[in-house]
Structure formats: structure tokens, C-alpha cells
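2 protein chains.
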Amino acid sequence: MTIKYIQGGVTSPKGFTSSGIHCGIKKNKNKKDLALIISEKECNAAAVYTKNQVKGAPLLVTKDHLKNNTAKAIIINSGNANTCTGDTGLANARKMCEFVANSLNYNTEDVIVASTGVIGVQLDIDKIKDSIPTLVGSLSENGYLASTEAIMTTDTFEKTLALELELSGKKVTIGAMAKGSGMIHPNMATMLSFITTDINISPTLLDKALKASVNISYNRISVDGDTSTNDMVTILANGLAENNLIDEENEDYLLFLEALKTITISLAKMIAKDGEGATKLIECTVLNAKSEEEGELLSKSVISSSLVKAAIFGSDANWGRILCALGYSGIDFDPLKVDLTFGSSVGDIKVCENGSPLNFSEEIAKNILLEKEIQILVDMKAGSNTVTCWGCDLTYDYVKINGDYRS
Amino acid sequence: MTIKYIQGGVTSPKGFTSSGIHCGIKKNKNKKDLALIISEKECNAAAVYTKNQVKGAPLLVTKDHLKNNTAKAIIINSGNANTCTGDTGLANARKMCEFVANSLNYNTEDVIVASTGVIGVQLDIDKIKDSIPTLVGSLSENGYLASTEAIMTTDTFEKTLALELELSGKKVTIGAMAKGSGMIHPNMATMLSFITTDINISPTLLDKALKASVNISYNRISVDGDTSTNDMVTILANGLAENNLIDEENEDYLLFLEALKTITISLAKMIAKDGEGATKLIECTVLNAKSEEEGELLSKSVISSSLVKAAIFGSDANWGRILCALGYSGIDFDPLKVDLTFGSSVGDIKVCENGSPLNFSEEIAKNILLEKEIQILVDMKAGSNTVTCWGCDLTYDYVKINGDYRS
Numbered sequence: 189m190t191i192k193y194i195q196g197g198v199t200s201p202k203g204f205t206s207s208g209i210h211c212g213i214k215k216n217k218n219k220k221d222l223a224l225i226i227s228e229k230e231c232n233a234a235a236v237y238t239k240n241q242v243k244g245a246p247l248l249v250t251k252d253h254l255k256n257n258t259a260k261a262i263i264i265n266s267g268n269a270n271t272c273t274g275d276t277g278l279a280n281a282r283k284m285c286e287f288v289a290n291s292l293n294y295n296t297e298d299v300i301v302a303s304t305g306v307i308g309v310q311l312d313i314d315k316i317k318d319s320i321p322t323l324v325g326s327l328s329e330n331g332y333l334a335s336t337e338a339i340m341t342t343d344t345f346e347k348t349l350a351l352e353l354e355l356s357g358k359k360v361t362i363g364a365m366a367k368g369s370g371m372i373h374p375n376m377a378t379m380l381s382f383i384t385t386d387i388n389i390s391p392t393l394l395d396k397a398l399k400a401s402v403n404i405s406y407n408r409i410s411v412d413g414d415t416s417t418n419d420m421v422t423i424l425a426n427g428l429a430e431n432n433l434i435d436e437e438n439e440d441y442l443l444f445l446e447a448l449k450t451i452t453i454s455l456a457k458m459i460a461k462d463g464e465g466a467t468k469l470i471e472c473t474v475l476n477a478k479s480e481e482e483g484e485l486l487s488k489s490v491i492s493s494s495l496v497k498a499a500i501f502g503s504d505a506n507w508g509r510i511l512c513a514l515g516y517s518g519i520d521f522d523p524l525k526v527d528l529t530f531g532s533s534v535g536d537i538k539v540c541e542n543g544s545p546l547n548f549s550e551e552i553a554k555n556i557l558l559e560k561e562i563q564i565l566v567d568m569k570a571g572s573n574t575v576t577c578w579g580c581d582l583t584y585d586y587v588k589i590n591g592d593y594r595s
Numbered sequence: 189m190t191i192k193y194i195q196g197g198v199t200s201p202k203g204f205t206s207s208g209i210h211c212g213i214k215k216n217k218n219k220k221d222l223a224l225i226i227s228e229k230e231c232n233a234a235a236v237y238t239k240n241q242v243k244g245a246p247l248l249v250t251k252d253h254l255k256n257n258t259a260k261a262i263i264i265n266s267g268n269a270n271t272c273t274g275d276t277g278l279a280n281a282r283k284m285c286e287f288v289a290n291s292l293n294y295n296t297e298d299v300i301v302a303s304t305g306v307i308g309v310q311l312d313i314d315k316i317k318d319s320i321p322t323l324v325g326s327l328s329e330n331g332y333l334a335s336t337e338a339i340m341t342t343d344t345f346e347k348t349l350a351l352e353l354e355l356s357g358k359k360v361t362i363g364a365m366a367k368g369s370g371m372i373h374p375n376m377a378t379m380l381s382f383i384t385t386d387i388n389i390s391p392t393l394l395d396k397a398l399k400a401s402v403n404i405s406y407n408r409i410s411v412d413g414d415t416s417t418n419d420m421v422t423i424l425a426n427g428l429a430e431n432n433l434i435d436e437e438n439e440d441y442l443l444f445l446e447a448l449k450t451i452t453i454s455l456a457k458m459i460a461k462d463g464e465g466a467t468k469l470i471e472c473t474v475l476n477a478k479s480e481e482e483g484e485l486l487s488k489s490v491i492s493s494s495l496v497k498a499a500i501f502g503s504d505a506n507w508g509r510i511l512c513a514l515g516y517s518g519i520d521f522d523p524l525k526v527d528l529t530f531g532s533s534v535g536d537i538k539v540c541e542n543g544s545p546l547n548f549s550e551e552i553a554k555n556i557l558l559e560k561e562i563q564i565l566v567d568m569k570a571g572s573n574t575v576t577c578w579g580c581d582l583t584y585d586y587v588k589i590n591g592d593y594r595s
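Residue numbers (my numbering), protein chains in the order written: chain A, 189 to 595; chain B, 189 to 595.
Source of the hints: derived by calculation from the structure; they are not laboratory data. Since the structure is predicted, the reported quantities are computational estimates derived from the model, not experimental observations. Backbone N, C-alpha and C define an ideal beta-carbon position, used for all residues, glycine too. Careful, some of the hints might be misleading.
Claimed, not checked - Derived list of chain A stretches under chain B, where covered just means 3 residues or more per stretch with a C-beta under 8 Å from a C-beta of chain B: (1) 494–504; (2) 521–534; (3) 539–548.
Unchecked claim - Simulated crosslink set (DMTMM-like; lysine to aspartate or glutamate; CA at most 20 Å straight-line): (4) A/K229 x A/E286; (5) A/K239 x B/D520; (6) B/K239 x A/D522; (7) A/K243 x B/D527; (8) A/K588 x B/D585; (9) B/K457 x B/E446; (10) B/K588 x A/D585; (11) A/K251 x B/D522; (12) A/K243 x B/D567; (13) B/K396 x B/E446; (14) A/K243 x B/E541; (15) B/K525 x A/D275; (16) A/K525 x B/D275; (17) B/K396 x B/E436; (18) A/K243 x B/D522; (19) B/K359 x B/E329; (20) A/K239 x B/D522; (21) A/K251 x A/D395; (22) A/K358 x A/E430; (23) B/K239 x A/D520; (24) A/K243 x B/D520; (25) B/K251 x A/D522; (26) B/K192 x B/E352; (27) A/K478 x A/D522; (28) A/K219 x A/D314.
One chain only, chain A, in its complex shape (with noise of 0.2 Å):
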């Protein structure tokens, strides 16, 4: 049984509809700002939140209404992070969660919330309430697309995914959709991500599936190392595929679980290699370390490195840099066992070996560089793990759209 990827977003699972809409809270009236996505029935849910000490009000919001770990409707605005917006931010999160209860008889700690956009100026709550009804009246079973660029912000393109499989006989779906780092006046780069699904699966296990597949993706991915106070991953099960029930670690929970990682690497893929101001996607890939850890922690120094990401941009071979990065990661190694290749779809070229420079043709390495989506490859040769991690070149455009005065 394979997984199989279909066209598609949150509607593609049974019994989801959403939408998007503009409320106001960007001035264009053509972007879009207020994204709705419901359940018929209710569903297992599941959520993970930005580490960052400063935490947005809808995330507090949500925090608390996802303790039964339940919920039947998500409402996003983009525009307004919503964040340090003190008890009046909060009681706005509040509020949004029963516009959209009382709207559609749900009980108000079964809608959770989600924001992003400019941090420390206060909602207009009054627009969101207004537009609760073109918004829940135009819920679709095709409205995959409209609320995947409702919550868009500086991304240049929708991040939305959908994808099949099979467990039990039954066909189960998995929809997503998720935007990155950007900002409407230069502001706060957010992470978000919502993921459907029609599986038939516990709470604890949906829990559990989700934290696995977010250490391996989206926590893989670095933009300009900078965590935002808003990012939030969620996750809503309704059960329709009436697949058995999955409440053990059973083959059918690994392949679902294979299915989850695979959609969100996917997306975390797509917002790295839409970073803001971002020619290239960066992959880099850490092979033979000593932990999965130890790799991690490697392979984020080097997709992090602003002397890297500078170089990829000018599409310079300049693997010192990379050394210099795994250097400081934190990681104990020895330089003198580290191989360095770099590649794309023209080819590979190996540059260093055992820490010492390799005679390569510098033509080569720059026309493998040129292309809009490099690999990274470091033999650690401590050990037996590999791990991945993505981020994106640093550009004229990165300090250009975050630099410019507000006005």
C-alpha cells in the first residue's frame, strides 16, 4: 500500500470545508485575511507551539480550548499577529473563537485560533465580527485555496497539500496547508500549519504522530533563525474514514505516521524554499553522525549560517564556511575526518576531504550552484545517523523586505 498524492488541501478529507475571505485587516482588498476550516463532527486534535517565551494570545487561546483535546473549527487571520497585545489581545482571541460558535451552534472551546501578521498593535475585532457571516457562509467543500491564501502574509506562493492512503480497507486522506516567514508591514515571520485528516485514531496517538512529524520538518527548517511568537502546527481528526480505530503503534499507525511525516516535510520544504527574499532552497543533509541529535544540531548550524546562505547566494563554493559552521555548532567532532560534496540536479562535486581541500574545478562547483535548489552533503564519519534540514540563501531581498521603513 503506498501513499499517493492527490490535488488538494484541508477539504480533501471527509467532512471538511473551509474558507477565505477579506475582512479588512489588510488594507489590499484583493489578499485575502480570515480563513475558517470546520468539521462536521467532531474531532481528535492535537497541536504544537512556538518554544519562544513571548507567545502570541491566540496560541494561549488555543492551548486552553485543545485541553479536552477536541475541537470542530479553526478561524486564522492574517495581517495582525495579535501578540503582545496584552488582556485585550486575549479577550479578542476569546472573541473570534465564539463569533464562529455562535455562528454554527458549536460550543466555543471546540473552535481554537490562530494569528499572524504585525505584533504589538491591537486586532480590529470589530471587522472579523462583521465578516463571520460571508465567512461561514461560504464554507466549501472546495475551499482548500481560499483559506490557504488567507493566511498568507509575504509568501509568495500557496503551500497547500493533500494526500491518500489506505488503512484497513478504508481510504484514509490527509489534507495541509501552512505558510512561512513573512510579514505584512516588515514585521514578524510566522510558521503556521493546519493539517486535516479523516483517520479514525486516538487523541494520545494523534498526539504523539504529530510531535514526531514536526521535529522532522518543520523544526528542521530555518528561514533567518529567528522563532516567532505565533507558530503553531495543528492537527484534526474526525474519524469519517472509519478505518479501525488506531490505539496502539501498530503498522497501521506507522503508516499513517509515514504519510504525516511525508506531508509535512513536504510543506517545510516549500516554506524554506519560500523564505523571504529566498532565491534557493538549501538542503543539507548530515550523514554518519554520531546521534540523531549531534546531527541535527550540525546540519541546523550550517543551514543557519548567515557566511552559508550568503555564499549559496552567489552560488560560491565556499565550503570553509560550512566547516566554520559545523565548527560551532556546539558538537565535539574531528575536523580532520569531514567530507564535504555539494549537488544539484546537474550533478555533485565532493570538495573536501578529511578536512583538507580537494583540487575541484571551481567552473563545475559554480554551475552546480546556480541551480534553484542545493544540496548540502557532510560525512561526520562518527556514527550511523543521518539527518536533514532545509533553510534558504540570504539576498538582497531578505534586507530589503525587512528593512524598509513601515510607511
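With chain A's structure known, arrange chain B on it following the hints.
Below, chain B without anything else, positioned relative to chain A:
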């Protein structure tokens, strides 16, 4: 008794001469690339090295030669870091010391060595060998500027300072030079600093004073978060000032320590201000932190944030990014206690109180942030420790300098 800045540098203390010449490692003949500092009398010596696991060959040789805590000369080249160069590189670093020792009739172990520039490329050691007579021949009591120039890479101005103080009725002088983040062909940024002094002090206390100074100066700056493989700070003390030997932590020691901190903080600020592509110095002071360690982590997180750095480049009072950077510093704190103030020579403005937005004039804030030296004041209200760190803005030119292809 006061500490007084004087014009000068590494040749200001008694008994020190230095030189700086072009030997051919840099292609541009107008750029000096080889420096020598010597003391007529054996010096107590101490050094602090990069924490990067990958260390340049010169660092390994210097560490070896300083085992006995004495030295008489330092040879430094720019244009090539002699790092990731294997056994050949190690042999070349030793040869640089030998050349100087043979020419001056010193012990090889009394010569230490530093390099900065491109990594992963073997040094053209013959060019250095052939230039030793000229290098030694041009040693001068006024050589401080020539040697300062010879260690520069993309630095845009010379970093040389000297100051005097009086200890037990004797005039004691400290001289120093430094280079900041730069590269030759797009390559490794390195921080180097060489300090000379005629103070009479025990090796143990010299080492202790150096470490204490480095911890609150060079270790509190960041240009791009990339820790070089070749960072090194050394101090040579020849005792010619004939002050009473400092071999305990008495008042003389404390005064010397204060002077050393003064000169290293000034140089560190010069390095931060002259960061690659930088247009502004950012000074972040964390007030009322629970501990000095926490204050340092919080302050470093702010000055290292790409989003904060880009906002300052754009003179944008985007304080949410500062709160966000504090939030991911790893420190546990209450965001609802934090006050934030921006300041510069034209005034200051409080933008956030108790984690919530203040109604401030964006026009006044912009005027403050248009200045070249920006203060960010963070009041944590969690204790009584104050820590300041320094960084620079993130600009188009940083990307340009580090992203251009090497040819």
C-alpha cells in the same frame, strides 16, 4: 588616578616595535598583508582562542608556543587564514615562527602566529620567507599603524588604541590593535586583537585579566553570528614600566583590569561598528536581569537577530522583533514585565511597557533611529544585573560582500 587615552597602538608601551608590509599574499600591492610585533624583553603572555571546533593551524601553533606563558614576537598575515590546510598548514604556521626566530635570534617558541583570510587554501610560504628581511628591517617604534593596516581585510578603518595609567608611581602603557569581520575573496570573517603592555605582572594575573576583559568586550559583540575558526586575542607584558610586580589581586591589579576592559570594550565597539556592510552600531543594554549570564544571553539574542538588525538598518521602531528575540534567548522570563526604549544621540523614546504597546510618535522614533549609534534599552525588572552587548545592522552590503562569487 585616571586612565588616559593617548595616540598610538601596539608600539606605545616601552620596548615594543612593529612593522607591516606587503609580501604578496594579497594580490593588490597597495594592501599590506604581513605584520610583526616584537618586544626587546621577554614578555609574560596570555591568549584567548576561538571556541570553534575547527581551529586554524596558527592557533594550534600559538597555543603550543604559549605553554610556558612567555613570548617575544607575534607574526600575523592577512589574505589567507591557513585553516583546513592539514599537516602542510601546520608546518607552514611553524615555519612563520621559525623565520622570525632565526632572523632575530629568538627561540622559535617565543614567537606566536596568527592568520586571517581565505580558508582551505595553502599559504604561499615562500612569499613570507622572502619578505622576512624587509619585515624585520622596517620594525619601528612608530610601526603601530603599519602593522594595524597589515592585519585588515574588509575592515574600513584602522582599529588601534593606546592608553596610560599610573601604578606605584610609574607610568604604565597599554597598546592594542584589532581587526574585525572581513574577508579577502568572499571568505571567513575573523576577529583578531593583539595587546601589548609594559606592565610588570605575573603570568597568572595577566591571563586572568585578559579573560575577564575578553568576556565583557570581544565576547559581547556579534556581526553575523558566525564564530570564526581563527579568532584570537593575545597580550604581551614585558615589565619595562617597572611598577611593583602585580602578583595578587590588589588595587593595582584592579586598576589595570579596568584599563584593559576600557581598551578592549572600545576596540570591540569599533569592530561591531565596522561589521561587514554595517551602517550602524547597535548597543543593547539589558537592565535588571536576574543574573549576568541571563542578561548576556538576552542582550546577545537581540543584537544577533537578523530581523532586529534589518529593522535598525531601516530605522524602523519595530520593537516586537526585540521582544521576540528576547523570547527565544532560552531565558525564562515574564514578557508582561518588560519595558523597551530606543535611544541615540538625539534622544530616547519608550515604545513598550510591561510587554504592551505604548502610544508613541513614529516620527520621533524614526528620527532617533536614523542616527549611526543606536541604543536599545531592555528593562527586565527581574533582578539587578546590567549587561551591554554590541552588534551592527544587516544591510544590502553584507549580502553583497559575502554573496559575490569569488572571481
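Status of each hint after checking the structure:
no., hint, result
1, 494–504, "holds (count 8)"
2, 521–534, "holds (count 3)"
3, 539–548, "holds (count 5)"
4, A/K229 x A/E286, "holds, 18 Å"
5, A/K239 x B/D520, "holds, 11 Å"
6, B/K239 x A/D522, "holds, 14 Å"
7, A/K243 x B/D527, "holds, 17 Å"
8, A/K588 x B/D585, "holds, 11 Å"
9, B/K457 x B/E446, "holds, 16 Å"
10, B/K588 x A/D585, "holds, 11 Å"
11, A/K251 x B/D522, "holds, 18 Å"
12, A/K243 x B/D567, "holds, 19 Å"
13, B/K396 x B/E446, "holds, 13 Å"
14, A/K243 x B/E541, "holds, 17 Å"
15, B/K525 x A/D275, "holds, 14 Å"
16, A/K525 x B/D275, "holds, 14 Å"
17, B/K396 x B/E436, "holds, 11 Å"
18, A/K243 x B/D522, "holds, 11 Å"
19, B/K359 x B/E329, "holds, 18 Å"
20, A/K239 x B/D522, "holds, 14 Å"
21, A/K251 x A/D395, "holds, 13 Å"
22, A/K358 x A/E430, "holds, 7 Å"
23, B/K239 x A/D520, "holds, 11 Å"
24, A/K243 x B/D520, "holds, 13 Å"
25, B/K251 x A/D522, "holds, 18 Å"
26, B/K192 x B/E352, "holds, 5 Å"
27, A/K478 x A/D522, "holds, 12 Å"
28, A/K219 x A/D314, "holds, 18 Å"
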